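As a plain string of letters, each chain reads:
Number of protein chains: 2
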Amino acid sequence: MISILLIGKGNLAHHLKKQFDEIDEIKCIQISSRKLEKLPEAKLAIIAVSDDAISEVSSKITTPLVVHTSGGQHLEVLQNNTNKGVFYPLQSFSKNRKVDFKNIPICIEASNEEDYNLLEKVGKLVSSKVNRITSKQRKTIHVAAVFANNFSNHMFGIAKEICDGDDIPFDILHPLIQETVEKIKEMDPKKAQTGPAIRKDQETIKKHLFLLPEKYQEIYKSITESIQNGD
Amino acid sequence: MISILLIGKGNLAHHLKKQFDEIDEIKCIQISSRKLEKLPEAKLAIIAVSDDAISEVSSKITTPLVVHTSGGQHLEVLQNNTNKGVFYPLQSFSKNRKVDFKNIPICIEASNEEDYNLLEKVGKLVSSKVNRITSKQRKTIHVAAVFANNFSNHMFGIAKEICDGDDIPFDILHPLIQETVEKIKEMDPKKAQTGPAIRKDQETIKKHLFLLPEKYQEIYKSITESIQNGD
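Chains A and B are the protein sequences, given in the same order.
Just so we're aligned, residue 95 is where the first sequence starts under this note's numbering, counting upward by one.
Just so we're aligned, residue 95 is where the second sequence starts under this note's numbering, counting upward by one.
Hints listed in this document are in silico derivations from the structure and should not be mistaken for laboratory results.
Please read all numbers here as calculations on a predicted model, not as lab measurements.
Hints are not guaranteed to be accurate.
It does not matter which identical chain is meant; a pair holds if it fits inside one copy or across any two.
[What the hints assert, rightly or not] For lysine-lysine, the following DSSO-like pairs were computed, each having C-alpha atoms within a straight-line distance of at most 27 Å: (1) Lys294 / Lys233; (2) Lys121 / Lys233; (3) Lys315 / Lys300; (4) Lys230 / Lys309; (5) Lys300 / Lys233; (6) Lys121 / Lys223; (7) Lys285 / Lys233; (8) Lys189 / Lys230; (9) Lys309 / Lys294; (10) Lys112 / Lys277; (11) Lys300 / Lys112; (12) Lys215 / Lys233; (13) Lys285 / Lys103; (14) Lys301 / Lys230; (15) Lys215 / Lys196.
Please put together the full structure from these sequences, using the hints given.
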């Protein structure tokens, strides 16, 4: 039995708790980060709080191994006097959306083999994808995820607003978006690139700029340039 | 029986032909745009050639109704002397990828009701999503699709290159990308926006810019700005 102390009440903590509760080999107690007195004993403490709070929260924990769950934070941000590690599920969590942990890559970092083995064991109990990732790689993933998730989402948001402006239901674009994503699972996105930018079709680009609301012209230009530069 | 003359040998023509051949109510003859002498008789001619070629190809066709399949071209680009229309399947087609036409929105434009009804009939035989779209709306969709498909694909391409640079398998980001797309099918992408830009987390943004290869710094900045401007 692996005893886990889970600290935090946010989206990730919520989903982790639900998942842990379904696993016989894990006994998980969840507490709020505001109630860190008289902590129950556990093998592993998982801190699932906002980045800013990790340092302070960790300083109050005496569990033998303490990990945070953040993609953007150093291992060393942890201030506990016991062992440190990272247990980073690479996914974006919302309270009201179902989560299939089996498909979520868990990125693990530890400072010794014993700790790594424990984290890997926990990781494999919740997911089929466990990856040993260095601090440097984790930072890289975090930046890459900004492009893959935050920035692509912004593209979808702009597309929706453009549709809204002409009474076009946004869902008309859903199959195209889904196909874009299916394709990159099979081939390098750079090789799948289509559209006026990569074709250097300046006439269409000019037409688009003319059609676009002013506030989107700059971003259209700068992404088009980036595609044409072969970035 | 609806007799269709399909002109073109590219990806879209290839997939359309395959689809038409599965439908009993349609008899489709496909020809190359280089062989436009002695055309077989048909009710409807569908021109599925590159945008530049539509005008010339259409000038040689005498079928009662002639449509093109382009998102970015006017109805008036057609130079036939018979009726004109548009039959635009809103999807990106690649030769080696399977296509499920049932889910592809077909955008239809015609200059009279009779033509519209014929195009709608053909549309409904191949897809469950047929939309009457004006020329203006079609242009708007075409611009929106650049953001939703071409630009988001570029974001995925950059994400992959960032991962490659640090020996991280790109598929570690696939579940995150899939979740991004699932979310926007249910909610406004602008309301789903997460990440350092929307949080105005300048410290993380600074870290990311420091980490990023120089060629991606400009685009990171300009998309971050666009998100922060509430574009």
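Quick rundown of the hints versus the structure:
1. Lys294 / Lys233: between (34 Å within a copy, 19 Å between copies)
2. Lys121 / Lys233: The answer is neither: 30 Å in one copy and 57 Å across copies each exceed 27 Å.
3. Lys315 / Lys300: This pair counts as both: shortest intra-copy Cα distance 10 Å, inter-copy 23 Å.
4. Lys230 / Lys309: between (36 Å within a copy, 20 Å between copies)
5. Lys300 / Lys233: Classified as between: cross-chain Cα gap 13 Å, same-chain 38 Å, threshold 27 Å.
6. Lys121 / Lys223: Result: close within a single copy only, 21 Å intra versus 49 Å inter.
7. Lys285 / Lys233: both (26 Å within a copy, 26 Å between copies)
8. Lys189 / Lys230: This pair counts as neither: shortest intra-copy Cα distance 29 Å, inter-copy 39 Å.
9. Lys309 / Lys294: both (23 Å within a copy, 20 Å between copies)
10. Lys112 / Lys277: between (33 Å within a copy, 20 Å between copies)
11. Lys300 / Lys112: neither (52 Å within a copy, 35 Å between copies)
12. Lys215 / Lys233: within (23 Å within a copy, 53 Å between copies)
13. Lys285 / Lys103: Result: close only across copies, 21 Å inter versus 42 Å intra.
14. Lys301 / Lys230: between (43 Å within a copy, 12 Å between copies)
15. Lys215 / Lys196: within (14 Å within a copy, 44 Å between copies)
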